[in-house]
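*Asks:* Based on the hints, put chains B, C and D in the right spot on chain A.
Read off the chains here:
There are 4 protein chains.
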Amino acid sequence: MARKIRLGIIGGGGDSLIGVLHRIASFINDNYTIVGAVFNPIWEENINFAKEIDVDTNRIYLDFDTFIKEEMALPKEERIEVVSVLTPNFLHFPMAKKLIDSGFHVICEKPLTTTFEEALILEAALEKSKTVFAVTYTYTGYPMVRQMREMIKNGVLGKIHKVDIQYYQGWINPIIHDKEQRTNIWRLDPEKAGISCCIGDIGTHAYNMAEYLTGMEVTSVLADLNYLYEDNALDIDGTILLRFSENVKGVVRASQIATGEENGLQVKIYGTKGGFNWEQENPNSLYVLSNDQPMQVYKPGHGYNSDLSLDGTKLPPGHPEGIFDSMANIYLGVAKAIRQENYNPGEFPTMRDGVRGMNFIEQCVASHKAGNIWKDL
Amino acid sequence: MARKIRLGIIGGGGDSLIGVLHRIASFINDNYTIVGAVFNPIWEENINFAKEIDVDTNRIYLDFDTFIKEEMALPKEERIEVVSVLTPNFLHFPMAKKLIDSGFHVICEKPLTTTFEEALILEAALEKSKTVFAVTYTYTGYPMVRQMREMIKNGVLGKIHKVDIQYYQGWINPIIHDKEQRTNIWRLDPEKAGISCCIGDIGTHAYNMAEYLTGMEVTSVLADLNYLYEDNALDIDGTILLRFSENVKGVVRASQIATGEENGLQVKIYGTKGGFNWEQENPNSLYVLSNDQPMQVYKPGHGYNSDLSLDGTKLPPGHPEGIFDSMANIYLGVAKAIRQENYNPGEFPTMRDGVRGMNFIEQCVASHKAGNIWKDL
Amino acid sequence: MARKIRLGIIGGGGDSLIGVLHRIASFINDNYTIVGAVFNPIWEENINFAKEIDVDTNRIYLDFDTFIKEEMALPKEERIEVVSVLTPNFLHFPMAKKLIDSGFHVICEKPLTTTFEEALILEAALEKSKTVFAVTYTYTGYPMVRQMREMIKNGVLGKIHKVDIQYYQGWINPIIHDKEQRTNIWRLDPEKAGISCCIGDIGTHAYNMAEYLTGMEVTSVLADLNYLYEDNALDIDGTILLRFSENVKGVVRASQIATGEENGLQVKIYGTKGGFNWEQENPNSLYVLSNDQPMQVYKPGHGYNSDLSLDGTKLPPGHPEGIFDSMANIYLGVAKAIRQENYNPGEFPTMRDGVRGMNFIEQCVASHKAGNIWKDL
Amino acid sequence: MARKIRLGIIGGGGDSLIGVLHRIASFINDNYTIVGAVFNPIWEENINFAKEIDVDTNRIYLDFDTFIKEEMALPKEERIEVVSVLTPNFLHFPMAKKLIDSGFHVICEKPLTTTFEEALILEAALEKSKTVFAVTYTYTGYPMVRQMREMIKNGVLGKIHKVDIQYYQGWINPIIHDKEQRTNIWRLDPEKAGISCCIGDIGTHAYNMAEYLTGMEVTSVLADLNYLYEDNALDIDGTILLRFSENVKGVVRASQIATGEENGLQVKIYGTKGGFNWEQENPNSLYVLSNDQPMQVYKPGHGYNSDLSLDGTKLPPGHPEGIFDSMANIYLGVAKAIRQENYNPGEFPTMRDGVRGMNFIEQCVASHKAGNIWKDL
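Chains as they are written, first to last, in our numbering: chain A, 337 to 713; chain B, 337 to 713; chain C, 337 to 713; chain D, 337 to 713.
Note that these hints are calculated values from the structure, not bench results.
Worth double-checking, as some hints may not be accurate.
Since the list gives no way to pick one copy over another, a pair counts as held whenever it fits inside one copy or between any two copies.
Simulated crosslink set (DSBU-like; lysine-lysine; CA at most 35 angstroms straight-line) [said to hold, decoys possible]: (1) Lys609 - Lys515; (2) Lys609 - Lys705; (3) Lys340 - Lys711; (4) Lys405 - Lys515; (5) Lys434 - Lys672; (6) Lys515 - Lys434; (7) Lys433 - Lys466; (8) Lys412 - Lys340; (9) Lys672 - Lys387; (10) Lys464 - Lys405; (11) Lys515 - Lys495; (12) Lys464 - Lys609; (13) Lys433 - Lys412; (14) Lys340 - Lys672; (15) Lys489 - Lys515; (16) Lys466 - Lys609; (17) Lys387 - Lys340; (18) Lys609 - Lys528; (19) Lys495 - Lys528; (20) Lys489 - Lys609.
Chain A with its partners taken away, still in its complex shape (with noise of 0.2 angstroms):
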């Protein structure tokens, strides 16, 4: 008998970036294997897809509520164990709740709905399915980044006051600034991308990093948004205020006109201690911080690391391993709950950081509104 888990895949057909991220990561430790789909709501694609990279067809659905159908019809022992929901954010939430509801472990990419309204339904509904669920906040799966959080969780930094998460991009820049292709791009229409664009994207990305490596919770924001242009209804930059505590402070600074920078995810955290300083584009690189010690440059795969962190990596030092292995983090780590094996929660991102991540949207949102005030989250 096969050990492999039977996963289930919603969109992320044909040349869909994500499709191809999520695909890796689940061959990656050899814990999946994809037997149903619906790649693609066009089934001509749909089909194809599935015969391009040698899934069964048989098992390769019309649409989602068909794929829901089938699957509850197949024996539990066959039966799709876990389900990758790949879909344009909208369908997050009725997809996530509907596989929730029948008993389906979930991997879902973030945002995990469209409203912190949504995302409470979902937190409710799987408090009764008890299932597996995943939110892809993918560059917690990185090494370095899990050993961050070890070294916090075990009191390196000692107690931590200050929190500054930047997550800089440029790609909308060449777009926002030409009114024809920043009235025409889905990412800024309100309809299709919801409350926000830049912060929904990455700033929470960056919200979520600072709550998975400190173990704290952010309770209020205040936020600085840039529109940049009066016809635009989304942010495309922003800085946000963070207040964990009265005295512990920290910012999130998220922009796509950031012009030239790629996927700039940075950490600066530091406690009474010890500071760290890490970037996503340089992910095997961990700088330490002390008050009168040499910085110490952490990189994966050595016996100082955390079990958290070494479990992440697969090769000796000085092998990068990069964003496909640290999506497949998470993916091993979904395996291990699925099976009900000893795991540690720092292996993937929960229902509860989608929820706190839909909340942290939409407070940056109204304190920006509300003329850049403190709002509770």
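*Replies:* Here is chains B, C and D on its own, set in the frame of chain A:
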């Protein structure tokens, strides 16, 4: 006849770091000769230091008032031409005032004064005297900082829409967490340090850098400062939202509790056509970003640099110059101004920079104390 | 009908790192499906590993000879098409020989064989079989390595006149200085490891990189190897002078006693018009130098890269891909060759690279033993 | 009574870069005052330059011989104490010889002489005079270079077994490929430049660094130089194998055709316990490697540094000092020696370094010309 400018120094004796910095800066381009001073209020230390560094002891004065009186009694062609004011902050104002009124050129350490009101009085005095007045925002003297300014001026970045300046240090971290130390250090004593510690000392550098580089003016600020302990009266960390105009925004991030950071002044500026990344601790590399071309790394001394930048480089590419050279570039600019030679306004920060800096500090504290609201500059 | 290529694997079972690397590489672009294997000479481990990773146990064979026999008995449209040879070095030759002679395509780990003579025999065999044969010099698959190759080919560097390739590791340092360890490790046992440790294992990568990138051939070598202890039979460090032609020179520097280095493969190449700096541990940044323009930093995924480079990048700029992706690019090239699609010769190293590599190793050892004299390749 | 040392300068007038470097270095620590000079063989330029930089024109001499004669005629307490020799290379020997014989202390630019034989004569002369003699291998003055030396001395790296020093520049690249330029530049004219261009100018720095840092002596060399064109008489590139003892090996890599490189002096040293990476263009970061701990990054000015390193740092951590400061540290050491104060032998390179450097150059050329064979030093 010697062509060197006759320089007087107030303060900066003994092991004073600021004294070393200014003295070396004055030597570097062969423009100045130190002919008189009050290095120290204690006579013995004053005179001994003069002997140690070989300054004519006939023009070592007992105190500032004697300095003025005796120098004014000398014929103009022997009299000190320019005075470097390196005394504790609260003395900047009365000394600079008297020097300006007596017709001396002045090189004054920052912060210019202890209040915005004093700064305005100085500005008015200078209006009458028409002497040369420089405020030593040292970091503006780096060749690559100058290069950024010229490239922005020449439109290389297009229209600037985002400015992010960081100034992170960690030195106060061990002090602030020790009750005895934090209540005894002069930097945290409002009587001695004025209304701000972190913003006044380093936030103001970051703010000045933003205006120096972009040629734009900050119109309002919203500050969130951190004092960490109830018994601590002055900020030791702060994030300040900047508004240049409605859609041109920025942020200054300053901290003295960024544990393990040394002197982390970092510049990120983005415009419609490109962006800059620059770090003071690695001052000879300027990273120039654009929408779709490879990032470029500008280095000092190459022909592709602007005259303003090249003027601040003495050796061929690959021979790193540092902080002393940066200050020396400011002294060089002042020398040109004193000699009424042509110079680029970017060669040294002026009274206006000092005045605006004081306003910035006061409005940041006011914004924070009023509950993080916007304050106009 | 499935379009995936039927892949067989010899070796690489259990925790084998090379097994993980090849398996993941085969998955990444959806081109291969593992249909048969001899993962391990011990039957129980062989079959258990097959079950663990969900490979059909009917095609898990007792040993290599059975593998060949049974697969050859299958109809061609079911038979394994390509075999990855991941066994200990001394088995590469006999297995590759039999596979070639039986008409299989082969993906063979490096070093190709244990002697140059064996390599020549393989080459002759391939000449007859006309099958596809790749030697996995993994690092040639990185997008920025491919970009260097294409830029050199297109004359961006002008005529190449200097090549400096480093491969520094430190892993053997604690072993070599411990008599018991150094006399027991298989890597330093000529019976098991052949005539060279350091040059055979990593020097050969550096040499291959030099030829892969420049398109030039090394004509002679002068090697100075280090054995450190009299009781140690194999080199653990070496500097090798390269001659491409009379005035085109180079150096390969390889070490396993570069204490603390992880996997420091570094490329420096210079020509009349420009130069390259690249480091394997930071594989996504290519530094492009020129006489008088700012250094440029090329990153993967941008439109300014060559097709060969872009073909090896799956996600947008800023999403770091790593060593698995590099190997996957090689597998992708092999897939194209097997399907008789068009491909760039830079997509995978061939028999010729393997053969030249063996010659290089032998001539380096010969040069050293003869007292550091030039040996022709 | 002034405590500054009376400094004379031969050469280095006008825009001479070496003049700027030495003059600033002499100012930086308040130890020297320039009291006499022959800045230029052309009288008008000589005297004008003296006026420009405010040196007493009474002690500006017509030529070197007059300098000696007139200064020797002065009473010892007025006479110049130390002379910086900044003339073209071929004048170093006769001038240094006469200065030594006349009892002056000397600070001499490298290369010490134009032949090893001359160097030996100087060494013998110094043996008699017992004056202070420094050769300005400038880069040894960097705080982190000094830190490496002290750490090696204190056994932090264990027993050194591998030394790799690079010195790559690209400046001669556009010249060497242009027949007219390469046949006219003095650097490639054996009459003016001696027997070597690249090794004599920069290879010797790399070699000196190797010995300075490790405290070991190179016993033999095998050099492979490059001249690139038949009509070019002097090397512009070379790789030199070093032997310290049977199993302690190294390599010096020097080039002036490393197109686009600026001043790439780089140090890699490895021992049984650890290793160093250091780069002159980023002189304030020292990377300290070890077998199994995170890499450490040492920075100047911290308490964890050695006294020798701290003595060469004037400002707190994070305030970058550069090449002028490095040279100033050498001048500081010489001042201590002249005043017969205690000093660390690492504070300045001596006659011995200069002599060994000349031997190195000659043996490298000899090794190359003899067909790349070993030559003893």
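*Asks:* So, for every hint listed, does it hold in this structure?
*Replies:* Okay, the hints, checked on the actual structure:
1. Proximity of Lys609 to Lys515 under the C-alpha cut-off of 35 angstroms is restricted to the inter-copy arrangement: shortest distance 16 angstroms between copies versus 50 angstroms within a copy.
2. In this assembly of identical chains, Lys609 and Lys705 lie within 35 angstroms of each other by CA distance solely across copies; the values are 29 angstroms between and 38 angstroms within a copy.
3. Taking identical chains as interchangeable, the C-alpha atoms of Lys340 and Lys711 are never at most 35 angstroms apart, the minima being 45 angstroms within one chain and 53 angstroms between chains.
4. In this assembly of identical chains, Lys405 and Lys515 lie within 35 angstroms of each other by CA distance neither inside one copy nor across copies; the values are 45 angstroms within and 66 angstroms between.
5. In this homomeric assembly, Lys434 and Lys672 come within 35 angstroms of each other (Cα to Cα) only inside a single copy, at 23 angstroms, whereas the closest approach across copies is 41 angstroms.
6. Proximity of Lys515 and Lys434 under a CA criterion of 35 angstroms is satisfied in neither setting, with 39 angstroms inside one chain copy and 57 angstroms between copies.
7. In this assembly of identical chains, Lys433 and Lys466 lie within 35 angstroms of each other by CA distance solely inside one copy; the values are 13 angstroms within and 55 angstroms between copies.
8. Taking the shortest alpha-carbon separations for Lys412 and Lys340, both the intra-copy value of 15 angstroms and the inter-copy value of 29 angstroms come in at or below 35 angstroms.
9. Taking the closest pair of Cα atoms, Lys672 and Lys387 come within 35 angstroms of each other both inside a single copy (29 angstroms) and across two copies (18 angstroms).
10. In this assembly of identical chains, the alpha carbons of Lys464 and Lys405 lie at most 35 angstroms apart only when taken from the same copy (21 angstroms versus 55 angstroms across copies).
11. Within a single copy, Lys515 and Lys495 get their C-alpha atoms only as close as 48 angstroms, which misses the 35 angstroms cut-off; across copies the closest is 16 angstroms, which meets it.
12. When the C-alpha separation of Lys464 and Lys609 is checked against a cutoff of 35 angstroms, the pair qualifies neither within a copy, at 42 angstroms, nor between copies, at 52 angstroms.
13. Taking CA atoms no more than 35 angstroms apart as the test, Lys433 paired with Lys412 passes inside one copy only; the shortest distance there is 20 angstroms, against 47 angstroms between copies.
14. Taking the shortest Cα distances, Lys340 and Lys672 sit within 35 angstroms of each other both inside one copy (11 angstroms) and across copies (29 angstroms).
15. In this assembly of identical chains, Lys489 and Lys515 lie within 35 angstroms of each other by CA distance solely across copies; the values are 25 angstroms between and 48 angstroms within a copy.
16. In this assembly of identical chains, Lys466 and Lys609 lie within 35 angstroms of each other by CA distance neither inside one copy nor across copies; the values are 39 angstroms within and 51 angstroms between.
17. In this assembly of identical chains, the alpha carbons of Lys387 and Lys340 lie at most 35 angstroms apart whether taken from the same copy (21 angstroms) or from different copies (9 angstroms).
18. For the identical chains of this complex, Lys609 and Lys528 are inter-copy neighbours only, at 28 angstroms across copies versus 45 angstroms inside a copy, given an alpha-carbon limit of 35 angstroms.
19. Proximity of Lys495 to Lys528 under the C-alpha cut-off of 35 angstroms is restricted to the inter-copy arrangement: shortest distance 30 angstroms between copies versus 42 angstroms within a copy.
20. In this assembly of identical chains, the alpha carbons of Lys489 and Lys609 lie at most 35 angstroms apart whether taken from the same copy (13 angstroms) or from different copies (31 angstroms).
Of the hints listed earlier, those the structure fails to meet are numbers 3, 4, 6, 12 and 16, in rising order.
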